[in-house]
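K.L.:
Residue strings, one per chain:
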Amino acid sequence: MNPLLTALARLLIFPGLLFAVPAAWFFLWVERKAVALMQERVGPPFMQPFWDFMKLLGKSTPPRPGIAGFIMRAWPLIAVSSAAGAVGLLPVLPLSGGFEGDLILLLALLELPSICIIAAGFSSRSIFGEIGSAREAALSVSYNIVFLLAIVSIAASQHTFRLEALAAMHPTFLTVLGIIAILICLPAKLHINPFSLPNAEQEIYAGPMTEYAGPELAMWELAHGLEWVAATGLVATLIAPHIALAWGTSLLAGCLFVVLSVAVVLLLSVLAAATARLAIDSSVRFYWQCTLIFAVLAISSALFVRFWL
Amino acid sequence: MKFWKRLMCTARRKSPWLFHMNSGSCNGCDIEIIAALSPRYDAEQLGVLLQGSPRHADILVVTGPVTNKAVNAVKTVYDQVCGPKAVVAIGSCPATTNVYIDSRTLAGPLDKHLPVDVYVPGCPPRPDAIIAGVVKAATLLAERGSDSPTPAIVIAATTEEVQP
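Here the protein sequences come in this chain order: A and B. Quick note on numbering that gives the first Met the number 0: the first sequence kicks off at 0 and runs consecutively. Quick note on numbering that gives the first Met the number 0: the second sequence kicks off at 0 and runs consecutively.
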């Protein structure tokens, strides 16, 4: 098949926008519902994230004149498109294409929304936005070391930066270790408890999003949902497709991907509901002191496997 | 276009986000607002969320008799809420200034300064009355829309649904 056509289908249909946008709303609902159930509440109705999104689209925004306003409006759009691109790169279906080094592109696209959040907070000129951005920057420096080391160790043990090859590999002890390290980083990447301090609700109002309103805020919500899909999807593809590959059908691989993603979302939501927010120094210390050791162990053993065995 | 308008009406009715503004309240009504969001009453099942930033809110929930110190802050926060928006006055204080009536430290009642849409009387009102008031404000928002601002409608929202 034409590779351009395949790439477009992946970006726009599955696992891209047509699948990812409803999935993003569904994951946001699962998160809120899980927290509500843990607190013995009924929780929001099934369509709630969709209604929130539609309502925000119909609201007015404060006037933002000049180049500063233009930049401020651009950040959420960049965040949404990069998160959607990250979802489109996921090797969900067997033999779905891809190219050498697409793992690096995926990591860059996954990181871009967080950079957009930092920039948005600073360009909003709100004191709460600036505090939130500073926290996000400090947090991103600490969890990204572990996150990248974990992924690089998996890639190094498989001698490839191609996502499809990584998804089709046989699970080893090292991959399990790497997946656990990625899972530990996900709460910080998705700004949920116990690492929700960049947008700490009621503490610094809404952090970097404090000045955003209406359609711009809707785009941020969508970007957040797409980040959920991309991040949980990455974990799901690292666990799943080699199981589906053994059975061989695309439909099964797709279903397994969705089921595993929802399982990861549930796991993270329950963790979020069960924990309280950590302060910035404890969060940074957690990643630098507690988990970095495991990441370094993982990468050194990966290099050992690569060069000496 | 008609479909889009109907969709937007439903979305506005189903997703009222609140910003809670204390204008010199004794904290009684504020506790009841928190109680309305707590597991016992759980306003989130109606889509109600308490937002930290007025920019994110649809409904401004005001408690307190609007003191001289608070009146400018109340006006500023009202201007920061993006349209379409509604104002709900929680308790007897913003409606009538209650027991503080004729005090020289007050600039209230609230409707001297903002167009109030829904009054929830009580000292303090019960959480279910507050939820009823917020839902009525959300229905008003859905009817009003962004393009045709109608004059404020006054509704009494108590548990017994008393007409003014």
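Possibly wrong hints are sitting among the right ones.
Unchecked claim - Once the Cα atoms are required to be at most 30 Å apart in a straight line, the calculated DSBU-like pairs of lysine-lysine come out as: (1) Lys4/B - Lys32/A; (2) Lys68/B - Lys111/B; (3) Lys4/B - Lys135/B; (4) Lys74/B - Lys111/B; (5) Lys1/B - Lys111/B; (6) Lys68/B - Lys32/A.
Unchecked claim - Residues of chain B clear of chain A, computed beta-carbon distances all greater than 12 Å: (7) Gln44; (8) Asn67; (9) Asp78; (10) Lys84; (11) Lys111; (12) Arg125.
Everything labelled a hint here was simulated from the structure, so no lab data went into it. Even glycine gets a Cβ: it sits at the ideal position worked out from N, Cα and C.
K.L.:
Return the numbers of the hints above that this structure violates; sort them in rising order.
P.N.:
Hint check: 5, 6, 7, 9, 10 fail, others pass.
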